[in-house]
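Asker: Line by line, the protein sequences are chains D and S. Counting in my numbering, the first sequence runs from 1 upward without gaps. Counting in my numbering, the second sequence runs from 1 upward without gaps.
No false leads were slipped in.
Facing chain S, according to a computed beta carbon distance under 10 Å, are these residues of chain D, among others:
id, residue
1, T29
2, L30
3, Y212
4, N214
5, A216
6, F251
7, E377
8, L398
Everything labelled a hint here was simulated from the structure, so no lab data went into it. Just so it is clear, CB atoms sit at the ideal spot from N, CA and C, and this is done for glycine as well.
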Amino acid sequence: MKSVIRFLSSVKLAIVLLIILASTSIVGTLIPQQRMPSEYLAHYGQLGHLLMRLQLTRLYHSFWFVALLSFFALNISVCTLERLSAKFRKTFSPKPETEPKALLALKIKDHFKKNLGLSQAGVEVTDELRRRGYRIRAKQKETTHFLLARKRISSWYGADFVHLGLLVILIGGIISGLMSFRESLSFTGQQTLAVSKASFQVRLDRFETEFYQNGAVRDWISTLTIMENGRPVLSRAVEVNHPLSYRGFVFYQSGYGWDWEKPTLELVAKKKDDTAFSQAIQLKVGEKAKLPNTAVEIVARRFVPDFMIDDKNEVVTRSLEANNPAALIEGWEAGQQLFSGWIFAKFPDFGRMHSSKETNLSFELKDFKAGQYSVIEVARDPGVNVIWLGCALLMAGLFLAFYWPAREIKVILEEAQGKTEVMAGGIAAKSREAFEKEFQELMAALRRSK
Amino acid sequence: MNESTIFLLTFIIYVLSALFYFSFQFSKKDKFAKTGYALAVAGLILHTAALIIRTIESKHAPFTNMYESLSFLAWSSILAYVIIEKVYKIKRAGAYFLLIVIALMALASSPVMPKGATPLVPALQSYWLWLHVSVTLLGEAFFAVALVTSIMYLVADSTERKGKAIKSGLSSEKLDSISYRCVAIGFPLFTLGGLVFGMVWAYKAWGTYWSWDPKEVWSLITWFVFALYLHTRIVMGWKGRRSAFIVVVGFLAAIFTYFGVNYLLAGLHSYA
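Chain D extracted, bound-state conformation (with noise of 0.2 Å):
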């Protein structure tokens, strides 16, 4: 058991785990993380496989490297607590050092006669420290006094609160990682939705987009309002970078686009031989409508917002954007398909109608209007607050430990024919310098005074 626990103390393990963790957390930059299997066969091929064994594929995830950060964990802990009531007696039952010789062996030292009685210099000294913010403990015996003389000891528990809340962070990962729930909600136009593991709904009132002088997007902003029970009772803006929380649920905005399934089409009808004809219709793709003064049917069949040919000779869309939006419409008379074609909205001249029958008909596809979706996404985790606090302890330890330096000053007053001789030593871990300087100045006080 002793040996167990001299394993899980010591500092070589744990820096034998950092350096594991660091080389296996630069394997998982190098192979990308959680996509689909056949990408890892077609980039990789058979090794494709192994990875995904080895779990090399969600790295982070994984059995062994959560394993891993599992035994950190113990390895830190049992390391803190191993050095804490060493720490503790230091701090609650400190002993001054009684012995000239210890002393004057520190490498921060000084000594020096005083004109004073044993009492006298003692006040002299415990003053002139207090005023330098230091706290006192003393000893005494007839002929001398000990005196221990620390300030800002709350450092040596600096690397204490660092591991603590290192594994604060670690517990909240755990909590985020089991119970971290997240959704997409897709609202298109003025919807209502649920937001599953909740008692409420979210409704979308105004999604826009704002851009900048030049065209670049400037934010997206949906305006959602929570719905309790059918009624409203929160409305809030929620832009990237300002989501909106309520319930322990944060909603983020987090994509957008227009559906292009079913946008209402605007077309002009024309004819050949009558330059006077011009007739416009809306209709949404999918639907029919009667061109007036017509027998003609016109059917919206498709629309693609960039228009583009794929290999395979079929009409698909090159993006979501609206770079050559196009439309597939037909003519019908008499359950008859008289013709059938793709117009252009940027380029009207290029519409060609294939038919059975000639026609004169032509067509311009003047407008579309598609509906604008707002996608917002839903977390819920309850490691965040853990997360934090881990942070705050983390931070706390590491001001603590560089930039809170911990003091101490061992004084020996030794009484002799009238005359007191004083001898003091400091102990400083970090920044020396500044610790020397402050030593030198003290000694050099305590020497003027009478």
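Keeping the supplied structure of chain D fixed, place chain S upon it in accordance with the hints.
Answerer: Here is chain S on its own, set in the frame of chain D:
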């Protein structure tokens, strides 16, 4: 005067500062080092002006693309160096450190870096941009000073091993301890800016405080390396060469986090 003129002027002053530091290196005349320091401070002031003008003109933090963030890194490096030289009297490091700053400035002004101030994409519109980037880069600037003193240590150490005395009054022992000081200052800053502020911002913007994005992982790796440095040194008493090597490795990890991840690995941090 516009920002790019001031930037160029700053660049020239840094070059002059480096020249004076190098003259000091060869002549050992203190006044050269003093002039070098004064020029470095002048460059810092002018550089500050350039950054302020950039901020006013672009209406956003001066580190949203590679040009801006390199310039800001050069600025924080000079700031860190001016402080460290004042406190620890390491004027010999000036020549080498200024070379790093000049390299950063040269990289920033190279034609492949787009210099135009573009309006901020929605994801970057947050005051966390200021906190996250400035504190991280300031931490890395102290790592850069530690790198220079560590390399100087390695050189001084090998000279001492050959039995020669160090003429400059900057013993290898002192260099070793200054490296440690710089890491001790930089590590909490890097932790706060890079990891903690980064997590808070990620949570605000993406809804997860940690997503194992390559940039996140690499800053964690950098953090591991410097944690290793501190533990081997404080607990196990490592000093000198081994410590200096760890600083070099840690700095390389920091540089890879800063540059390499953007160009070599894909991820969420696709801004700068």
